[in-house]
Amino acid sequence: MHPILQSWRRFGLWMAAWVPLGAILILVARLSGHLSFIEAVGAMTPAVVVMAFVCLSPFYVCRSLPLRSTAREKILINHLAAAFILSGGVLLVGRFTASLLTPSFLGLDARFGSAVPMLGLVVLMIYFVAVALHYAALELEASRRAEILARDAQLRALKAQVNPHFLFNSLNSISALTTIDAGQAREMCVRLADFLRTSLRLGERVTVSFAEEMALMKMYLDVEQVRFGSRLRLKQEIDPACADCDVPALLIQPLVENAVKHGIAMMAEGGEIVLCGQREQDWLHFSITNPYDPEAPSTGRNGLGLRNIRDRLESRYGGSARMDIKVEERLYSVALTLPARALR
Amino acid sequence: MNLRVVIADDEELARRVLREHLRGETDIEVVAECSNGFEAVKAVNELKPDLVFLDVQMPKLDGFEVIELIDSAAAVVFVTAFDQYAMRAFDAAAVDYLLKPYSAERFRASLERVRVRMREAKPVAAVAPDLRLASRAPGDYVERIVVKDGPKVHVIPAGKLDYAEAQDDYVALRSDGRVWLKQQTISGLEAALDPRRFIRLHRSYLVNVERIARIDANTKDTWLAVLTDGTKIPVSRGGYARFREIVGGE
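In the order they appear, the protein sequences are chains S and D.
Per the working numbering, residue 26 is the first one in the first sequence, and the count goes up by one each step.
Per the working numbering, residue 1361 is the first one in the second sequence, and the count goes up by one each step.
In short, the hints are calculated from the structure, not lab data.
Any given hint might turn out to be false.
[Stated by the list, open to error] Stretch by stretch, here's where chain S covers chain D in the computed footprint (C-beta under 8 angstroms, at least three residues):
id	stretch
1	1362-1376
2	1414-1423
[To be verified] Which stretches of chain S does chain D cover? Using the computed rule of at least three CB atoms under 8 angstroms from a CB of chain D, they are:
id	stretch
3	37-49
4	160-172
5	245-257
6	312-323
Ideal placement from N, C-alpha and C gives every residue a C-beta, glycine not left out.
In isolation and in its complexed conformation, chain S is listed as follows:
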């Protein structure tokens, strides 16, 4: 249903807007048809009421013909056709009312007839204004929804950020180290604190530099290194030109967590995580590859985190960013292609 018809308040406001519009139509009828004030009001009122409803109809047409994805000719032809048919209808209502009133007002029928061309023109114009208003309202709605989506994705990213199992396992490592190697236990506390502090700080921002995101990821891996020892190996092939690219905050970090949780942690002998970063003019290409055991026991859902990243890319860059997932025999890789500069 049309949003204006969904609440009495909105409907009341809409009808109020038709008081001045109706007055214009009545004035046009009176001047171009030489009608008396009473005649004009009498003949035009039903037509104005009908017109008020007719001007809600572009909602459905506009919604099915979005400005961005529809050919211009198609938009033009459809709206023109609708405009002529609906205006004709409105004028017919006017003529019919006028003919009903003719017995009381001599010659009203003929005089109304002479007002029709001018009236038709004005009715058409008002209809086109209604179409334009509907497109504007739909555009506003779409941008507001994109904003809400972006904020949602941000919130979910933050929530996912503080992974309790990562914390508990790290604390268990610290608890082991306290008697084995007190110095390393302290070092581990510092690494954990660095990671948490930095992820909270970056999480408050919308965009961070690629270098900042990489630094955070390194802090995370430093902590996991203590847990997994020689099982966790890292190889970085990062082009220095990537450093100042913009990336959404905490977008890459979950990918590294996945690589550890579903990849390295499930391999008895461990493996190597490979990070690649390249800058190609206005584009940043980043990929993370980890070995995995296709026969490993299930480690819970992985898809949710990836969908979260996809949503964030979508709400932030529209269609211009990409995420590709490649699963080979024993390698899992996620590749991101982002505009090197954030959209403002």
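Keeping the supplied structure of chain S fixed, place chain D upon it in accordance with the hints.
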């Protein structure tokens, strides 16, 4: 009486914490340390320890799969950072469930529980194996079935299981042209697998929906399911109704 202990955890540091806590106990002897599920099954079945400290998430096999595959009556204490497995752990007849990181007191309390258990000489695996599989969260089905293959362990991904047939105390699992025997009831297996993917066509048969090529009428009240490889499986009246419900109800 000495307690012989096996420790299974993929993290070196986690094993060291356990060993350190155990060092203070005079009646404990650590007979093996394992860093993945396969090693754990092998060690427990060969060494027959009295007690196993078992991590849940490990390479090769998870802690629950390890329990399914060990045939000794060892007491099991789960040691994990995940609290959501506690219910399943007790259903699997675990003696205790330690959350990482744990204190020395908590660890001693856990050992005390094990000793009490041993003194009372209660059979530790008091719960039927089927319940172990059945006690999962709704909608959480096993994606793979683990079977003992002599001293080795064989993993059958759920999608590769053609059908299972009940044979006394065992189920015969047909997969990739081979048959594997597992000590389990067919109802237990049915409860563990996703009911949208596996249908109990007959009292003795549980069949992978994707393998069913067609169902032919046989006698008045029985049907025959023909699988994609030509195998024919009897279908009971109830089985036929279940099939219609899943395949026809979409």
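Structure-based check of all given hints:
no., hint, in the structure
1, 1362-1376, "holds (count 6)"
2, 1414-1423, "holds (count 6)"
3, 37-49, "violated (count 0)"
4, 160-172, "violated (count 0)"
5, 245-257, "holds (count 4)"
6, 312-323, "holds (count 5)"
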